[in-house]
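Chains as they are written, first to last, in this note's numbering: chain P, 633 to 904; chain W, 38 to 566.
Calculated directly from the structure, the hints in this document are not laboratory data.
Ideal placement from N, C-alpha and C gives every residue a C-beta, glycine not left out.
Keep in mind that a hint or two might mislead.
Simulated DEER-style distance windows between Cβ atoms [what the hints assert, rightly or not]:
1. P746(P) - A318(W): 28 to 36 Å
2. N528(W) - P746(P): 52 to 60 Å
3. I649(P) - S351(W): 48 to 56 Å
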Amino acid sequence: MKNGSLIFGALLSVLVIIAAGVSFLWVPFDITQLSIPDKLQTPNKIHWLGTDHFGRDILSMIMIGARTSLAVALLAVGIGFSIGVPLGLAAAARKNSLIDEVIMRTNDLIFAFPSLVIAILITALFGAGAMNAIIAIGIFNIPVFARVSRGAALSLWQKEFILAARVSGKSDFLISAEHILPNIANLLIVQGTIQFSLGILAEAGLSYVGLGTQPPIPSWGRMLADAQTMVSFAPHLAIIPGTAIIVTVLGLNLMGDGLRDILDPRVRKSRE
Amino acid sequence: MSILSVENLNLKIGPTKILEDVSFELNEGRILAITGESGSGKSMTALSIIQLQPKNANLGGKIFFRDQEITKKNEFELCKIRGAKIGMIFQEPMTALNPVKTVGDQISETIVLHSEKNKTSADSETLKILERVGLKPAIDVFKRYPHELSGGQRQRVVIGIAIALKPSIIIADEPTTALDVTTQSQILALLKKLVKEDNISMILITHDLAVVANMADQIAVMQNGKIVEIEETQKLFKSMKHKYTRSLFAASEHLVELPIIDTNTDPLLSIKNVTCKYRLARTKVFSKSDYFTAVSDVSFDIKNGERVGLVGESGCGKSTLTRAILGLEPIFEGKINVDDVNILNAKASIRKNIQVVFQDPYGSFNPRHRVSTLIKEPFYLIKGSIDTKKIENKIEQVLEDVGLSAADKNKYIHEFSGGQRQRIAIARALIIKPKLVIFDEAVSALDVTVRAQILDLIAELAAEYGLTYLFISHDLSVIRSITDRCLVMKNGKIIEQGLTKKVLEQPKNRYTKNLIDAVPKLPNFQMEL
Chain P
633 MKNGSLIFGA LLSVLVIIAA GVSFLWVPFD ITQLSIPDKL QTPNKIHWLG
683 TDHFGRDILS MIMIGARTSL AVALLAVGIG FSIGVPLGLA AAARKNSLID
733 EVIMRTNDLI FAFPSLVIAI LITALFGAGA MNAIIAIGIF NIPVFARVSR
783 GAALSLWQKE FILAARVSGK SDFLISAEHI LPNIANLLIV QGTIQFSLGI
833 LAEAGLSYVG LGTQPPIPSW GRMLADAQTM VSFAPHLAII PGTAIIVTVL
883 GLNLMGDGLR DILDPRVRKS RE
Chain W
38 MSILSVENLN LKIGPTKILE DVSFELNEGR ILAITGESGS GKSMTALSII
88 QLQPKNANLG GKIFFRDQEI TKKNEFELCK IRGAKIGMIF QEPMTALNPV
138 KTVGDQISET IVLHSEKNKT SADSETLKIL ERVGLKPAID VFKRYPHELS
188 GGQRQRVVIG IAIALKPSII IADEPTTALD VTTQSQILAL LKKLVKEDNI
238 SMILITHDLA VVANMADQIA VMQNGKIVEI EETQKLFKSM KHKYTRSLFA
288 ASEHLVELPI IDTNTDPLLS IKNVTCKYRL ARTKVFSKSD YFTAVSDVSF
338 DIKNGERVGL VGESGCGKST LTRAILGLEP IFEGKINVDD VNILNAKASI
388 RKNIQVVFQD PYGSFNPRHR VSTLIKEPFY LIKGSIDTKK IENKIEQVLE
438 DVGLSAADKN KYIHEFSGGQ RQRIAIARAL IIKPKLVIFD EAVSALDVTV
488 RAQILDLIAE LAAEYGLTYL FISHDLSVIR SITDRCLVMK NGKIIEQGLT
538 KKVLEQPKNR YTKNLIDAVP KLPNFQMEL
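In isolation and in its complexed conformation, chain P is listed as follows (with noise of 0.2 Å):
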């Protein structure tokens, strides 16, 4: 099937943006209520996914986990979205300048630190907690993002269409605006997914070594962290979490795969 990759993707992630949203609205049990002689159950009729150690009900902390996660890595995204694209599209109009160098170079600055490293450091001096691994992870984004647009502005900027609206008075910013980004959008979708998709990873990470998302919110990393000293007795409670981290990543990777072929112009045109 040719949109095999993409609809496979994109079935595996509404299937976890399903999970998501049903979680407002109801679980199966309440997460807050601990039940200590129902612990470690392994999945049953009652508890679909089994238990913790603590009797909460696996499935319950997965959807809200799913929650939280798509709520990090979305507003990560957005961050660096919002930052990167603009930083990117004004180094591409002033190329060579002096705000161009001090655009591109300080983003070089923030891809040569690990960006564990950093995410660290940020929680270290304000804190662990969700907003911050948000912030963190949304600064790494900003670097990916004005790469990628000023990458493809660069070569628009070259396009006649472009020389014909500076013909007609048209300012950088203005063209920025109105020719270049809606050219680049496919690309910025397409990278938008994977980011989004590495976004849930970092997340995961952070809150594996508790600097992420803080209990009792649950949080996928926070459960593997969680299940490593039970993992002899009660593997599922690894497996389970790490296999809904799987499921959401591979989701939106093959999603942005398919996504690209479908947007990418050259692909297209080969189609019509």
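Given chain P's structure and the hints, the job is docking chain W onto it.
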């Protein structure tokens, strides 16, 4: 004796018929030219002969090379024929060569690949080939990379690769279209000499009737995937049986009638001692960077109502000068004034006097906007309130003026052909009635018949709008038909100027003379009748 015979070639891609019943024979040592406009199927015919048609194409018919049926062969057998027996020369020499290998290695690699020879003897043969294609000293050229050579030199290397294996047939697909006229005439002469020396048969594919007339023994004219006429060159030009051949011929000879103007007016554009320089990349860390002078000390005026041409080959500084006039390029020295106001950093009220039409009908428009949005863009230069109704009326008016319909304003640009797009580009340039329009190679990318229509349109609009324009082109025939006065540019300098007729008929400068002589001319066979 026929060396290649194509019988009832049919090619379909999906439901679209690309080729229909194409049949011809190529005799040994002869040059067959296939000509026609873009989309007529001439390149697809060439690709089918070496079985390189697109994978999703459906090919019918027979192709015999000597006694072998080519369409029945498998990929392995075809590889032995391609290159060794049938060589190919493409349009764009830069993309046909591998940029990370020296040109010598690329030729000798072909020899090693297709013959029993070892690298050393292949290398010495390569040197001989380089000399034959006129790249001297061969030892020196051998070690160069493609980017170190000029376009013409690169095309010589590609020709070298094609003749290296002494093929029986060479297929040349628009071999000189990407080159300047003076280079074109050299390359054509070289090709003709080589095929005669080695007794190679050649299929020459080109859209340029004049090139065909001077090269080919036999000409096939294609239209919509069919060969409408195939005849010996002399006979074809004498009789021109088919209507389409006649219209092609007429279009390439096309002359337009320009309205007469009164030239005793004030200069609209005045260019005084303009020099434009580019900073080159530094070769050492602490050295000062050098400058490349693209335009040097250029001065001329354009008066109200004048139609001026600017001729020059690639790299002569035409484009830089255009951008400078449009106020998009910083000027190193000198002044460009429009209505006595400096154009650089000028206010919208001055800039609205100049508009431009570019060469590429595909790259000139933002593919994501509708036609109405595209052509009303220059209104941005007119400050103050113009109501939307008025703008809408103007859009419809100007679309009709350029020969399109008012309803076209709601379409997207990909729904139009190259010629129609160029009409839309002209509409965009004219909508705010500028005083000066710059046509930057505005008809170079178009087919001859479409070009003739666009030139007619420009002449019509010149009368209707009282246009003053600067027409930049490398094509002397276009300059001849559409300008009153012309300037010849070389290496950033204006080397000759005067009335177009005078400059083209009695050139004073040697370079201008060479330029005029290099243009392939259509023979006047009809006179002999």
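Exercise. For the pair P746(P) and A318(W), does the Cβ-Cβ distance stay inside 28 to 36 Å?
Worked result: holds, 33 Å
Problem set entry | Range agreement (Cβ of P746(P) with Cβ of N528(W), hint 52 to 60 Å) | Hint holds: Cβ distance 53 Å, inside 52 to 60 Å.
Exercise. Taking the CB of I649(P) and the CB of S351(W), does the distance hold inside 48 to 56 Å?
Worked result: holds, 55 Å
In this structure, none of the earlier numbered hints is contradicted; all agree with it.
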